[in-house]
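Chain F is already provided as a structure; the job is to place chain V on it using the hints.
Protein chains: 2
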Amino acid sequence: MLHIDKKAIDEMESRYRGNFFNTISGFKSANLIGTIDKNKQTNLAIFNSVVHIGANPPYLGFILRPTTVERHTYSNIKGTGFYTINHVQEDFIEKAHQTSAKYEKAESEFHRCGFQEEYLHSFIPPYVKQSNIKLGLKFEEEHPIKVNGTILVIGSIQHAYLDEKYIQNDGSVDISLAQTVAVSGLYQYLKTEKLDKFKYAKP
Amino acid sequence: MLHIDKKAIDEMESRYRGNFFNTISGFKSANLIGTIDKNKQTNLAIFNSVVHIGANPPYLGFILRPTTVERHTYSNIKGTGFYTINHVQEDFIEKAHQTSAKYEKAESEFHRCGFQEEYLHSFIPPYVKQSNIKLGLKFEEEHPIKVNGTILVIGSIQHAYLDEKYIQNDGSVDISLAQTVAVSGLYQYLKTEKLDKFKYAKP
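Line order of the protein sequences matches chains F and V. Heads up, the first sequence is in UniProt numbering, so the first residue is 1 and it goes up one at a time. Heads up, the second sequence is in UniProt numbering, so the first residue is 1 and it goes up one at a time.
In case anyone wonders, no lab produced these hints; they're calculated from the structure. All of these numbers come straight from a predicted model, not from anything done at the bench. Among the hints, erroneous ones may be present.
All copies of an identical chain are treated as equivalent in the list; a pair is satisfied when it fits inside any one copy or across any two copies.
To be verified - No farther apart than 27 Å at their CA atoms in a straight line, the calculated lysine-lysine pairs in the DSSO-like style are these:
#1 202 <-> 105
#2 194 <-> 95
#3 146 <-> 78
#4 191 <-> 95
#5 102 <-> 197
Looking at chain F on its own, in the form it has when it is part of the complex (with noise of 0.2 Å):
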């Protein structure tokens, strides 16, 4: 088994350093967070980095690099207050990754990268009309990351739009069936295959 200590971090290339560690943490999310701004100039982006916080009420956190360059995402959501977050599936993977691309503020991603607007019971920020799970979201607070400046943004869930046939008879959706992927890294795309399903575990 390879040992890779601090000095060899300190030495690996800063893209091959890059790969490494957004990888060997583990699979993680993809999802699309759609905002607007006051001039109705709407932003879309795909994160990996969506958390659960809680569940009654329901949060969720995710992690923004820093605000150096200017953060679409970001500006918006503390403009408005609200954003969506929206799964990615299968079938879009690609138009989905695109979303990372470094567009102007005028071009908005919905329309660039292949989204349609969706704006469902008078939310401000729109939501992706492609995905089969799709959530509102009202921002409650954010933590400057000390060490690296990134922050944590946190919101509480408002709406969840999704078919019922996803739904299981515990409450627990089947984001498989749903066709969202996982992500390793910032490139490598997933599908996923179940394996067992545990109960609460006992001593």
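Relative to chain F, chain V alone:
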């Protein structure tokens, strides 16, 4: 498409809501976090919330539930300043899941659930011998989440252990090849199958 609004969320039965919101945010990583206290009592617990914070230098975060009940992982990390993150593989998902049971502090999940402690390069907490990919981390900072008392814990990666055959030319770790599993919610384990791998996207 079913619309679940705030009222419907509030009215969900508690376990049903737990399952619904633990699954609806997408696939998660499955990692065993290994710790030790000052009396050499070890602890091992499964987490599905490990998230990438940065690659240069490399940082990972994970979410801990509120400390209103005793959290051995948290107190051990605060006590020694170090912890290990170990991938969960297909061949030991049942044992790994069992570490989520509430054992007494005097009972180590390493022993109770059938894992072997491995001490490497004078690092204080134990790694999981059976894991194909293991990381040694140093505690860096924590962020109490206001809305529900969970805690974001951030650490820097000091050591990585894995077989060279899992490392691709660009530095990416092929965690599917290492048999690392993904999780949906708290109970469903999945294996993955690669779809496309894309490049850094440009407009």
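>> Are any of the numbered hints broken by this structure? If so, which, sorted upward?
In response: none
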